[in-house]
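Residue numbers (this note's numbering), protein chains in the order written: chain A, 7 to 526; chain B, 65 to 538.
Simulated from the structure, these hints should not be mistaken for laboratory data. One or more of the hints may lead you astray.
[Said to hold, decoys possible] Here are a few chain A residues that face chain B, going by a calculated C-beta distance under 7 Å:
1. Phe110
2. Gly134
3. Glu136
4. Ala153
5. Tyr181
6. Lys316
7. Glu462
8. Pro469
9. Gln476
10. His477
11. Glu479
12. Val518
[Said to hold, decoys possible] Computed cross-link-like contacts, SDA-like style, restricted to lysine to any residue with a CA-CA straight-line distance of at most 20 Å:
13. A/Lys131 to B/Asn224
14. A/Lys396 to B/Gln104
15. A/Lys467 to B/Gln104
Even for Gly, the Cβ is constructed at its ideal location relative to N, Cα and C.
Next come the chains, spelled out residue by residue.
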Amino acid sequence: MNALGLVSMRLCAGLMGRRSAVNLPFLRFSSGMTSSQIDEEVAKLLQLKAQLGGDEGKHVFVLKTAKGTRDYNPKQMAIREKVFSIIISCFKRHGAETIDTPVFELKETLTGKYGEDSKLIYDLKDQGGELLSLRYDLTVPFARYLALNKITNIKRYHIAKVYRRDNPAMTRGRYREFYQCDFDIAGQYDAMIPDAECLKIVYEILNELDLGDFRIKVNDRRILDGMFAVCGVPDEKFRTICSTVDKLDKMAWEDVKKEMVNEKGLSEDVADRIGEYVSMQGGQDLAERLLQDPKLSQNKQAFAGLTDMKLLFSYLELFQVTDKVVFDLSLARGLDYYTGVIYEAILSQTIPASVSTPAEQNGADEAGVSVGSVAGGGRYDGLVGMFDPKGRKVPCVGVSIGIERIFSIMEQKAETSSEKVRTTETQVLVASAQKNLLEERLKLTSELWNAGIKAEVLYKKNPKLLSQLQHCEETGIPLVAILGEQELKDGVVKLRNVASREEVDVPRADLVDEIKKRTL
Amino acid sequence: MADKAQLQEAIKTQGEVVRKLKSEKASKEQIDEEVAKLLQLKAQLGGDEGKHVFVLKTAKGTRDYNPKQMAIREKVFSIIISCFKRHGAETIDTPVFELKETLTGKYGEDSKLIYDLKDQGGELLSLRYDLTVPFARYLALNKITNIKRYHIAKVYRRDNPAMTRGRYREFYQCDFDIAGQYDAMIPDAECLKIVYEILNELDLGDFRIKVNDRRILDGMFAVCGVPDEKFRTICSTVDKLDKMAWEDVKKEMVNEKGLSEDVADRIGEYVSMQGGQDLAERLLQDPKLSQNKQAFAGLTDMKLLFSYLELFQVTDKVVFDLSLARGLDYYTGVIYEAILSQTIPASVSTPAEQNGADEAGVSVGSVAGGGRYDGLVGMFDPKGRKVPCVGVSIGIERIFSIMEQKAEAEVLYKKNPKLLSQLQHCEETGIPLVAILGEQELKDGVVKLRNVASREEVDVPRADLVDEIKKRTL
């Protein structure tokens, strides 16, 4: 913090006790700090004061959410609900069940599972009981759940928030509390059928979310390892060369090759050989061609991976998704726990790599996914065994849908669209233009509720018709049911279309049906 | 940090404890708890690897929801949310943790039950304790003066499980609140209509909603001769009338709280009163009560409330009950509590006690509670701007444990499975239909659709299959 900042803080400290917050803007301009910087320093000041003020807390106004977290307002919730509804409906169509786990786990459960990222785990304070931490993803809790309940077979989805103490300076816009949406099939089954179903599900979801064109890249850990072996990469460099290959979605081959040779110590020959393979893309045909490759086919791992890839594509053909699935030898992903097939779905309209967005929070595994990606996953047969005392294996394959990325795309769409996002589903407002009709309005509203109609009434004894109509326009209520002395005598209700302003008198007994007809 | 030798000693001792419990055939719960402690000690010894230590349990007071429980949960939420939407409510969501100061000073004695996050160099944080304080913070932060919102989410309380068996530390709350300055009692009445609709639709049997008013209670205490400074404490004693008989409640008032018998008897006359709009009218004629400003205001509003409840057609299950007290810390007007007619005996502690949005909780048998709280949001606003609020918290956890679930359809993965195991799978999971493929059927362009329960089979043309399944599974 610069000297100027310190001075303005002392000024604040002196003034806060006597003047209202209104005077602060004056100081803000003179100090040259940005508004959000000032808010941050003010918050720290208030925190300190709060400690001084004791437990009262009444006179200290700390009006902010924790760093890296945010409230969801009704508009955002409406978008969120729509997205979840589409995704969950797809999971259910495929017979998946859902589970939920606690927001915190025993610290030991999470320890040792996330490598370097472990420092990003939120711990709970030691308050005399068990040591706890907030969950970092949904995969480790899933493995713990399977082992704890001795479950060998399950097809489950899990949508919930996870927590990571990311450093906001490095990654602008990254949240510390964010949603993950995982789908996994656990169990020993005949090869590649569940793997194919995962891809079918990603395909269906991305279609239904209407996000434009997309591609799903697939590859296989065994093919990658086999490929590295036949190219001459030393065993101990497999992982590190893998992360370099992973950068091909952001960097050109020349730069990737430079990193392999200059930073990771590969010879140019080896790098070139890798380069030939990783530029290959195709479908079942590519798998068949590579099975004819004399070097690759001799490598056990690669052979197994390629055979399964061929089988996978035959199933994808039956599932009618091959138009958007590509076998891409440059796909690497975070390979720490993947043991077989890996895949990543990318929208064709991608954001340039220089823009950091919550996109990087997509993906259930620690490695994250690249910008433009909206889903990622693969097979991980060894994870559950780490939790089982007898080391019993439960093979798993799954995918994580990049919900946060999808949220921000949908939010942007909503902003630019002329159609307003409704935050309520109200079909009709019960109104009156005349005075002293509150009782009649309440009575009719109650009748409508009892008939299952979504209705509102203003909490005012004698509201003006204009303000009632304004309420409809602001919140998107399509109909208004207007009561008046004459209408009551005649046993009718004036039903008005808010947009078109057309009105018609409807017999009271027919009102419910009429509303249903007009609001589907 | 214990040094290695001490740790090993502790492990040895704890190992003994586990062995003893097992040989004594102690309860599974107890054994699991002591085994977990043992594993935790071993984990400290083993360092950060964690690979060879199998701590297979959820944190104390928390639980996973398996698919069956999730199905029930979804059904319950669906009914409740559909009701909120029918009344034009929006929804919001807030983070699972707040700044520690946001929660400080809001929960009185219960503050010690708040989960804090470790100081890891940043802001001091705590897990939310309820949904009401985050709501007030949200309104003040966004300078919102009017909103009708529901919020369903988990909250966290470090309850002492020894005292309250079965109480979870992570549990759902389901809040509905109307914030804003409006004409008296209309939103209050709508809250009650919503509780009524929800409890009907959940099909939990008969129920009653008790209503009272903080001003009526305070006025009543005043005219009975309770000293001002004893209002709160006498209130908590009156609150026990749903669990204790009047004689015991009176004893507590006189012996423990220092009221004279006369005063206690006068209270006794009032708190035995129950009724509807008629009772409000009768009490407005009571010479003492009607002279008390607070009571008069409360009774006038109660009369108005019942006139609206009449129009909303809910008076058959709403009772004006002068013995209803609830946790009155932030309530300023009407208060209410919904109780199922088939209640559990008071001796059984259940997650029922976690119902209710406020710290005071509700009594066993209760499935919803709430009231008007006009002063809370002002505590968060720097200018002290008031935003009047009225709301209700539905006792979701209690409702979960009362309901039942449904089945779903699936596809089996085996390429060459036995038909029998497929049919058995249907029977086990409750799948009602099975669509059987065979060489002949494929040639003929039909699918054999079999009713699992009746075993009746019919050949359905492939093109008609979707409609036929929909017809049969509604």
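> Which hint numbers doesn't this structure obey?
Replying inline: 2, 5, 6, 8, 9, 10, 11, 12 and 15
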